[in-house]
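*Asks:* Full structure from sequences and hints, please.
Number of protein chains: 4
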Amino acid sequence: MEELEQLKAQLQKFADDRDWDQFHSPKNLSMALSVEASELVECFQWLTEEQSQNLSPEQLSAVKDEMADVQIYLLRLATKLNVNMLEAVNQKIEKNALKYPVDKVKGSSKKYNQYGSNDEADS
Amino acid sequence: MEELEQLKAQLQKFADDRDWDQFHSPKNLSMALSVEASELVECFQWLTEEQSQNLSPEQLSAVKDEMADVQIYLLRLATKLNVNMLEAVNQKIEKNALKYPVDKVKGSSKKYNQYGSNDEADS
Amino acid sequence: MEELEQLKAQLQKFADDRDWDQFHSPKNLSMALSVEASELVECFQWLTEEQSQNLSPEQLSAVKDEMADVQIYLLRLATKLNVNMLEAVNQKIEKNALKYPVDKVKGSSKKYNQYGSNDEADS
Amino acid sequence: MEELEQLKAQLQKFADDRDWDQFHSPKNLSMALSVEASELVECFQWLTEEQSQNLSPEQLSAVKDEMADVQIYLLRLATKLNVNMLEAVNQKIEKNALKYPVDKVKGSSKKYNQYGSNDEADS
Numbered sequence: 124m125e126e127l128e129q130l131k132a133q134l135q136k137f138a139d140d141r142d143w144d145q146f147h148s149p150k151n152l153s154m155a156l157s158v159e160a161s162e163l164v165e166c167f168q169w170l171t172e173e174q175s176q177n178l179s180p181e182q183l184s185a186v187k188d189e190m191a192d193v194q195i196y197l198l199r200l201a202t203k204l205n206v207n208m209l210e211a212v213n214q215k216i217e218k219n220a221l222k223y224p225v226d227k228v229k230g231s232s233k234k235y236n237q238y239g240s241n242d243e244a245d246s
Numbered sequence: 124m125e126e127l128e129q130l131k132a133q134l135q136k137f138a139d140d141r142d143w144d145q146f147h148s149p150k151n152l153s154m155a156l157s158v159e160a161s162e163l164v165e166c167f168q169w170l171t172e173e174q175s176q177n178l179s180p181e182q183l184s185a186v187k188d189e190m191a192d193v194q195i196y197l198l199r200l201a202t203k204l205n206v207n208m209l210e211a212v213n214q215k216i217e218k219n220a221l222k223y224p225v226d227k228v229k230g231s232s233k234k235y236n237q238y239g240s241n242d243e244a245d246s
Numbered sequence: 124m125e126e127l128e129q130l131k132a133q134l135q136k137f138a139d140d141r142d143w144d145q146f147h148s149p150k151n152l153s154m155a156l157s158v159e160a161s162e163l164v165e166c167f168q169w170l171t172e173e174q175s176q177n178l179s180p181e182q183l184s185a186v187k188d189e190m191a192d193v194q195i196y197l198l199r200l201a202t203k204l205n206v207n208m209l210e211a212v213n214q215k216i217e218k219n220a221l222k223y224p225v226d227k228v229k230g231s232s233k234k235y236n237q238y239g240s241n242d243e244a245d246s
Numbered sequence: 124m125e126e127l128e129q130l131k132a133q134l135q136k137f138a139d140d141r142d143w144d145q146f147h148s149p150k151n152l153s154m155a156l157s158v159e160a161s162e163l164v165e166c167f168q169w170l171t172e173e174q175s176q177n178l179s180p181e182q183l184s185a186v187k188d189e190m191a192d193v194q195i196y197l198l199r200l201a202t203k204l205n206v207n208m209l210e211a212v213n214q215k216i217e218k219n220a221l222k223y224p225v226d227k228v229k230g231s232s233k234k235y236n237q238y239g240s241n242d243e244a245d246s
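Protein sequences appear in the order of chains V, R, P and G. This note's numbering numbers the first residue of the first sequence as 124 and each following residue consecutively. This note's numbering numbers the first residue of the second sequence as 124 and each following residue consecutively. This note's numbering numbers the first residue of the third sequence as 124 and each following residue consecutively. This note's numbering numbers the first residue of the fourth sequence as 124 and each following residue consecutively.
Because the hints were derived from the structure by calculation, they are not lab data.
Identical copies carry no separate label here, and so any pair may be met within one copy or between two of them.
Mimicking BS3-like on lysine-lysine, the simulated pairs with C-alpha atoms at most 30 angstroms apart in a straight line are: (1) K229 <-> K218; (2) K229 <-> K215; (3) K233 <-> K136; (4) K131 <-> K234; (5) K233 <-> K131; (6) K234 <-> K218; (7) K215 <-> K227; (8) K136 <-> K229; (9) K234 <-> K136; (10) K233 <-> K203; (11) K131 <-> K218; (12) K136 <-> K218; (13) K215 <-> K234; (14) K227 <-> K136; (15) K203 <-> K131; (16) K218 <-> K203.
*Replies:* Following this line, the structure appears as structure tokens:
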């Protein structure tokens, strides 16, 4: 994931150039990330699920920008906390595979702790 | 960003194996993404900014998992909407560079539309 | 709205008894409120709109708890910022009536700044 | 809480006049509520906790508007799901009193399930 590491460096320079590092505590970055996630939700809130699958070019362009903002703040946070996102995602996929075994969850959207397994506390 | 494209394929298989594609409309995925973003916020909500910069190994591990969940839903959404995240991020960085020129914003956290520029509306 | 003012006092006592006031800065309370709002979203994220209109008693009970949590943090924030919620809501309804005149918006979910009006900046 | 019930009626009329009821499924309203909660977070994201306790009149006015928006969507949802908010809040306060007994939690911001109690799972 050289590209992500490269993006992290690029975004660090962007922040440095603007003296923004002082605002970028992990706490503040988590807030900014959730705000961008909600701006993404806002694009979809009055659409039906079907409409959300058939966005106009203008709608898609707005959605793309909000997705990029989420990615940007996620990478800023990863920089601040020294997290390698590729590694983190791969570890989480492994955990999820254990939490949601195919034979138990197929076709169901229930949360894993609704299957009566003995898993540890939720996330 | 071959790694991200590879992750997208891996996550698609994960969803296919569980017959979860039916739940993964862009609308629903945007909701799930924002829920994960809030679980990240929850890790920080009662911490000071300074504490958020000095997480214990347990706290960091929990934060990493939530960051991975955000990344996972973002990639699921990217799959559903045929968005290339690397391209989207690069385009957004270019836009941001225009919105936040170094000489105007250095050391300030104001939103770009608070600088009196002539930029179009934003959200 | 004597009841809301009474609730505010009751919640202040609850926090005082637990020495929680130290954590309840407006910044932190806004985070907690948004986390609860997302727990509400989580109840609905994999439901269709129709299913969300026909909750089981268990689902409704969970939703009610999350709604109460949102209300509680909103009142905590109102206490900290000396905001009278009834007054704030009434003022906002008046603003909204100007932003969304019936003859312009009937049957449409567009945001007011998509109607080509000359309104001031958005919120 | 006659005032809240009166507000609910007022907001129902506002929606009826604009033919907005069609968009106001519980699912969609939960999304809109969380978007407003994030607009509230946005007001605070780059402020220190101390700054968040000393808002300028302009900042406070913006915050008030967002708080009102959260309250409005919460009441809309309460209307759609036939929830009496005063009752819901009082029930939740009773639950919280059991989950967070004064002698166990005083001065701590830990989540109740971090105290080693026997409570059932929570989110």
